[in-house]
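Peer 1: Below, each chain spelled out in residue letters.
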Amino acid sequence: MYVKGLAAFAAAVGVGLLSGAAIAQEVKQEKQSVLGNANVPPVTQEQLNAADKNAKDFLLTNGNYAQTRFYPGKQISRDNVKNLHVAWIFQTDVKESLETSPIVVDGVMYVTTSFSHVYALDAKTGQQLWHYAHKMGPITVYCCGPNNRGVQVLGDRVYLATLDSKLMALNAKTGEVVWTTNIADPELGYSETMAPTVVKDKVLIGTNGGEYGIRGFVRAYDAKTGKQLWNFNTIPENSVGVWATKDATGRDMHRNIQAEKDMLAKIGDPYAKLGGGVWQNPSVDLATNRIYFVVGNPSPDLDGSNRPGDNLYTNSLVSLDLDTGKYVCHFQYIAHDVWDLDAVSPTVLVDVKDKGGKTIPGVIHAGKTGHIYVHDRKDCSLIRFSEAMVPQENMWVLPTKEGARMLPGANGGVEWSPIATDPGQELAYAINLHQPMTYHVESTAYPNGKLWLGGAFKVIPSEKQSGNITAVNYNTGKIKWQVKTPEPMIGGILATAGGLVFTGEGNGKFAAYNSSSGKELWSFRAGAGVNAPPSSYMVGGKQYVVVGAGGNVQLDFKRGNNIIAFTLD
Amino acid sequence: MLGKQMMCGAALLLMAGQARAETIEDKVAVCAGCHGEAGKPIDKTIPTIWGQQAGYLYIQLRDFKRGDRKSEIMQPIATQFERDDMLAIAEYFSQKPWPDLGQPRAPKDVAAKALSASASVGCPACHLDRFQGDGTVPRLAGMGRDYLAKTIADFRTRARGNNPGMSDLMIATSPDDLAALVEYLAGL
Numbered sequence: 000m001y002v003k004g005l006a007a008f009a010a011a012v013g014v015g016l017l018s019g020a021a022i023a024q025e026v027k028q029e030k031q032s033v034l035g036n037a038n039v040p041p042v043t044q045e046q047l048n049a050a051d052k053n054a055k056d057f058l059l060t061n062g063n064y065a066q067t068r069f070y071p072g073k074q075i076s077r078d079n080v081k082n083l084h085v086a087w088i089f090q091t092d093v094k095e096s097l098e099t100s101p102i103v104v105d106g107v108m109y110v111t112t113s114f115s116h117v118y119a120l121d122a123k124t125g126q127q128l129w130h131y132a133h134k135m136g137p138i139t140v141y142c143c144g145p146n147n148r149g150v151q152v153l154g155d156r157v158y159l160a161t162l163d164s165k166l167m168a169l170n171a172k173t174g175e176v177v178w179t180t181n182i183a184d185p186e187l188g189y190s191e192t193m194a195p196t197v198v199k200d201k202v203l204i205g206t207n208g209g210e211y212g213i214r215g216f217v218r219a220y221d222a223k224t225g226k227q228l229w230n231f232n233t234i235p236e237n238s239v240g241v242w243a244t245k246d247a248t249g250r251d252m253h254r255n256i257q258a259e260k261d262m263l264a265k266i267g268d269p270y271a272k273l274g275g276g277v278w279q280n281p282s283v284d285l286a287t288n289r290i291y292f293v294v295g296n297p298s299p300d301l302d303g304s305n306r307p308g309d310n311l312y313t314n315s316l317v318s319l320d321l322d323t324g325k326y327v328c329h330f331q332y333i334a335h336d337v338w339d340l341d342a343v344s345p346t347v348l349v350d351v352k353d354k355g356g357k358t359i360p361g362v363i364h365a366g367k368t369g370h371i372y373v374h375d376r377k378d379c380s381l382i383r384f385s386e387a388m389v390p391q392e393n394m395w396v397l398p399t400k401e402g403a404r405m406l407p408g409a410n411g412g413v414e415w416s417p418i419a420t421d422p423g424q425e426l427a428y429a430i431n432l433h434q435p436m437t438y439h440v441e442s443t444a445y446p447n448g449k450l451w452l453g454g455a456f457k458v459i460p461s462e463k464q465s466g467n468i469t470a471v472n473y474n475t476g477k478i479k480w481q482v483k484t485p486e487p488m489i490g491g492i493l494a495t496a497g498g499l500v501f502t503g504e505g506n507g508k509f510a511a512y513n514s515s516s517g518k519e520l521w522s523f524r525a526g527a528g529v530n531a532p533p534s535s536y537m538v539g540g541k542q543y544v545v546v547g548a549g550g551n552v553q554l555d556f557k558r559g560n561n562i563i564a565f566t567l568d
Numbered sequence: 000m001l002g003k004q005m006m007c008g009a010a011l012l013l014m015a016g017q018a019r020a021e022t023i024e025d026k027v028a029v030c031a032g033c034h035g036e037a038g039k040p041i042d043k044t045i046p047t048i049w050g051q052q053a054g055y056l057y058i059q060l061r062d063f064k065r066g067d068r069k070s071e072i073m074q075p076i077a078t079q080f081e082r083d084d085m086l087a088i089a090e091y092f093s094q095k096p097w098p099d100l101g102q103p104r105a106p107k108d109v110a111a112k113a114l115s116a117s118a119s120v121g122c123p124a125c126h127l128d129r130f131q132g133d134g135t136v137p138r139l140a141g142m143g144r145d146y147l148a149k150t151i152a153d154f155r156t157r158a159r160g161n162n163p164g165m166s167d168l169m170i171a172t173s174p175d176d177l178a179a180l181v182e183y184l185a186g187l
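Residue numbers (numbering that gives the first Met the number 0), protein chains in the order written: chain Z, 0 to 568; chain Y, 0 to 187.
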């Protein structure tokens with residue numbers, strides 16, 4: 000016990016320096032690390048189930064198991080949000096992209112940074128309670144930055160997935176490691192950046208690696224022991240599908256089906272190296288005991304010549320049984336994708352109107368294509384898709400050696416950024432990118448776990464980029480309002496019962512908008528990119544809004560190391 | 000040129016005699032013959048390995064041994080090492096300070112061209128802020144100019160075939176943009 004404590008202390012004060020990884024990115028500060036005083040009561044499953052009605056805590060990455068990012072508190076409102084001011088700023092030791100969704104349990108906040116560090120903070124004062132500095136293995140292989148999107152707490156444990164592809168349980172009070180499980184081999188291109196979802200003593204986790212020829216999966220691990228309970232391969236052994244020639248919106252994808260069939264006869268089903276990463280948390284339907292998530296791009300990204308077929312279940316919505324991991328249904332947005340316009344933003348469970356106007360349980364997803372897709376939760380079928388939130392041009396022109404221009408660019412549309420919904424207004428809020436790009440194709444064989452893009456996507460330097468915040472009525476598919484931003488947007492958004500949405504930009508602006516009209520009501524300049532999803536919570540009778548300002552690797556937005564909490568006087 | 004080659008040959012012989020060397024210092028003694036006593040390579044086409052990312056160094060040794068990265072010089076050297084040796088050697092060099100090769104900063108117009116090309120492909124998405132690298136992605140800032148030019152050219156022709164993804168990105172970037180990048184990166 001004592002030895003363990005010492006080890007944790009070492010981790011808390013110095014390992015970041017020894018780890019060798021990214022010394023240049025780490026800002027070293029002498030800090031008094033007090034251990035063992037995060038005085039949190041254990042989080043129960045009942046609390047997690049009711050997270051959607053709980054304005055005190057922020058218990059799940061996207062607010063609740065449905066992932067609505069709708070915060071039910073309304074102390075901060077349209078009328079008083081103009082008085083919002085900084086309550087505290089916490090500076091982490093790692094100055095690199097922040098994508099964390101702060102989790103708040105009874106006045107204690109858990110945030111993560113790039114390179115898989117975890118901090119427990121006093122949510123009222125910003126004071127550090129403990130710091131877990133992950134000792135990174137030497138081999139990390141990832142596509143889009145050393146990011147981490149957060150943790151989840153169940154009982155007295157904090158669950159974390161690390162860049163070197165480990166799943167860990169930490170003691171919620173002290174940050175000590177309780178158990179560690181290797182998820183997959185980083186040398187083959189596997190890495191973890193998502194936050195786990197913990198439900199009914201299961202830790203659910205996907206994987207990154209779609210740029211490296213992995214075979215993707217979603218898994219459940221035993222929350223008590225770290226033992227694997229089930230595995231679902233996102234790429235089934237029969238990945239060929241139905242030879243779809245049109246995407247979900249009915250546009251021709253210009254597939255050469257005969258050439259693909261000939262290739263299939265020659266090489267067989269390409270399932271083993273077909274990619275299919277899962278970037279973000281699944282939604283959990285507690286009533287039916289099912290989970291819903293989206294699967295990312297096939298490998299290699301831009302070259303389809305060696306992967307004949309629809310490449311199931313890449314670029315798809317998938318539903319599984321929570322207890323067994325068995326397949327329930329899927330819907331593929333883009334078969335045989337060669338643009339990396341895949342599915343990454345987390346799914347949201349809301350009631351929706353079906354085609355006949357009847358209210359049914361739905362599931363929605365915002366695609367890199369720039370559409371919000373609305374599905375029937377029962378069988379994953381598509382009910383409707385929204386108007387495009389960004390310009391679309393030349394879809395689906397095939398990538399060429401010289402580069403073919405198509406909009407949206409490969410980051411979307413909507414990137415991994417979670418959307419928010421306000422069921423009362425039937426609105427979904429998404430942040431968008433507009434980045435004109437050219438798509439280039441090159442063909443090479445599987446490179447043993449190395450970067451396998453099959454070409455390149457290039458931003459066209461002479462064309463202007465921009466972003467939007469868009470509110471879409473998911474029952475009509477119509478855009479209700481849209482706010483233009485000077486740069487493409489990545490990070491996330493939060494809606495509140497106070498009639499507000501909060502989101503940030505790469506230039507450091509963090510702002511609150513009227514959720515019915517898009518009118519800007521308050522803003523703040525963070526000095527570094529605000530490219531993380533905000534959370535909200537109550538402590539000492541006051542509502543706070545908190546967000547990370549760390550910039551973004553992918554779009555090279557200005558880096559910082561700040562967790563900033565705001566409140567009213 | 001001939002003298003240099005002979006010297007490298009001598010280093011190889013020296014190393015062969017040390018194949019059963021025990022300590023990490025013994026194992027890495029031979030490297031200095033080319034990669035430099037104080038981390039400054041003896042020839043401009045030889046890369047800096049002092050202070051390089053450990054994951055990257057390991058993967059290169061692994062690839063030389065597998066033959067995925069072709070090099071008449073490095074292949075026989077790497078072949079003698081097992082995975083654990085490679086990891087230890089990688090760790091050893093990663094802990095050394097990165098040497099200052101004293102290369103000049105790129106002029107403003109060259110830097111601007113380089114940054115535009117870098118933003119177009121998104122080099123910092125993998126090589127990170129200020130091109131410091133991490134894990135299996137190498138640091139590029141301050142790397143020897145001639146080596147950078149050579150290895151980028153090798154990526155382009157796939158003579159360096161151990162990372163087709165990097166080759167694809169280099170092929171998608173024009174030669175004069177790459178020339179600007181070489182000058183810019185060397186001067187960081």
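Check each hint, because a few of them may be wrong.
What the hints assert, rightly or not - Lysine-lysine pairs mimicking DSBU-like chemistry, simulated, CA-CA at most 30 Å apart: (1) Y/69 <-> Z/463; (2) Z/134 <-> Z/52; (3) Y/64 <-> Z/557; (4) Z/557 <-> Y/69; (5) Z/400 <-> Y/95; (6) Y/26 <-> Z/400; (7) Z/400 <-> Y/149; (8) Z/165 <-> Y/64; (9) Z/165 <-> Y/112; (10) Z/172 <-> Z/134; (11) Y/149 <-> Z/463; (12) Y/149 <-> Z/134; (13) Y/107 <-> Z/134; (14) Z/134 <-> Y/112; (15) Z/483 <-> Y/149; (16) Y/69 <-> Y/107.
Simulated from the structure, these hints should not be mistaken for lab results.
Peer 1: Give a verdict on every hint.
Peer 2: Hints, verified against the model:
1. Y/69 <-> Z/463: The given pair, whose Cα atoms are some 42 Å apart, is violated under the 30 Å limit.
2. Z/134 <-> Z/52: Given pair residue 134 of chain Z, residue 52 of chain Z is violated - Cα atoms ~37 Å apart, limit 30 Å.
3. Y/64 <-> Z/557: 39 Å, violated
4. Z/557 <-> Y/69: Between residue 557 of chain Z and residue 69 of chain Y the Cα gap is close to 38 Å, so the pair fails against 30 Å, i.e. violated.
5. Z/400 <-> Y/95: 41 Å, violated
6. Y/26 <-> Z/400: 44 Å, violated
7. Z/400 <-> Y/149: 23 Å, holds
8. Z/165 <-> Y/64: Roughly 28 Å between the alpha carbons, so the hint for residue 165 of chain Z and residue 64 of chain Y holds.
9. Z/165 <-> Y/112: Violated, at roughly 40 Å.
10. Z/172 <-> Z/134: Distance ~20 Å between residue 172 of chain Z and residue 134 of chain Z Cα, so the pair holds.
11. Y/149 <-> Z/463: It is violated: about 34 Å lies between the C-alpha atoms, which goes past 30 Å.
12. Y/149 <-> Z/134: 35 Å, violated
13. Y/107 <-> Z/134: Violated. Residue 107 of chain Y to residue 134 of chain Z sits at ~39 Å, over the 30 Å cutoff.
14. Z/134 <-> Y/112: Between residue 134 of chain Z and residue 112 of chain Y the Cα gap is close to 38 Å, so the pair fails against 30 Å, i.e. violated.
15. Z/483 <-> Y/149: 44 Å, violated
16. Y/69 <-> Y/107: Violated, because 36 Å separates the two Cα atoms, which is more than 30 Å.
The structure fails to meet hints 1, 2, 3, 4, 5, 6, 9, 11, 12, 13, 14, 15 and 16 from the earlier list, while all remaining hints are met.
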